[in-house]
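> Each chain is listed here by its residues.
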Amino acid sequence: MTLYGILFYLISAVVIAATAVAITRQNMVHAVVYLIVSFFGTAMLFYLFGAPLLAALEVIIYAGAIMVLFLFVVMMIRAPSAGESAFAPIQWVPAAFFCLVYLVAAVLMAFRSPGMNEPLKMLSASPRQFALYVFEYHWFSIEVVSMLLLLAVIGALNLGAGRKAGVDEERSYRDKTPQSVED
Amino acid sequence: MIAPFRDILLLAATLFALGAFCAVVRRNLIMIVLGIEIMLNAAAIVFVGASLHLNNLDGQTFVLFILAVAATEVSVGLAIIVYAFRRTGSFDPRHFNLLR
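Respectively, the protein sequence lines represent chains Z and U.
If you're matching positions, the first sequence starts at 1436 in our numbering and goes up one per residue.
If you're matching positions, the second sequence starts at 2 in our numbering and goes up one per residue.
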């Protein structure tokens, strides 16, 4: 096994362990920080698979922007300290059984399919090659995605600003009809 | 030489299962959105690995779009979560059962 193979298995183990720890935390700040560790590992895997630009974007967008947004929301809202109520086993055991069946089938397929066993060769697409490819063959999708991001900004602003208008409407309504205070 | 494509698929399947478990079992809106993020990330790993396996840059292009969609989903989703929290004072999805 070469050095790159060892690195792949090492990083994969760290990613899976960090994710498994993250999804079982009760404290959401701990969960978000463990997920940042997991996404850094994913970025290294992307670099190993020959996508240096995507590795940088993964760190910038996933570990940087998205997780910090989660952190802001967790810290902005003082979460109720009461623990979550867990599901009863009768509710999740059948679901876990079906998932296990699918997982076994997927593992069997992955081990039996031809061409899956030879190790992949190292290749790398430089950011320049990747950008030329994207803007030659997928420029229309880039435009659609930019529209989507613009709509997300509008939607988030609308949701954040709608609250104050709602309060004012409610208050004016209550001032006009004081007998409906119990609502 | 790095690992065979089979191991990349197994890694991504494990991550996807962990994300689905988080999204289904946890009763906390923020943890549900985190589980969806983990699932998107697992899909991105498969795309980049397949891009190397098939020697084709389309997989990496798809990961670019997955990143954009994930950013969109998180911004709008967290705005909705904050709005819902201010209305009900809870993160528990069972408390969001009113249609007004």
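Hints listed in this document are in silico derivations from the structure and should not be mistaken for laboratory results.
Cβ atoms here follow ideal geometry from the backbone N, Cα and C, with glycine treated the same way.
Hints may contain errors.
Which residues of chain Z face chain U? A few of them, derived with a C-beta cut under 10 Å, are [said to hold, decoys possible]:
| no. | residue |
| --- | --- |
| 1 | F1481 |
| 2 | I1525 |
| 3 | F1546 |
| 4 | F1565 |
| 5 | A1591 |
| 6 | L1592 |
> Each hint should be assessed against the structure and marked as holding or not.
Going down the list of hints, with the structure as the test:
This hint holds: F1481 (chain Z) has a C-beta 5 Å from the nearest C-beta of chain U, less than the 10 Å allowed. Proximity of I1525 (chain Z) to chain U is violated relative to the hint, the smallest CB-CB distance being about 14 Å (cut-off 10 Å). Evaluation of the F1546 (chain Z) hint against chain U yields a held restraint, the C-beta minimum of about 7 Å falling below 10 Å. Given hint, F1565 (chain Z) at the interface with chain U, holds; its Cβ is 6 Å from that chain's nearest Cβ, closer than 10 Å.
With a least beta-carbon distance of about 4 Å to chain U, the hint placing A1591 (chain Z) at the interface is held under the 10 Å criterion. With a least beta-carbon distance of about 8 Å to chain U, the hint placing L1592 (chain Z) at the interface is held under the 10 Å criterion.
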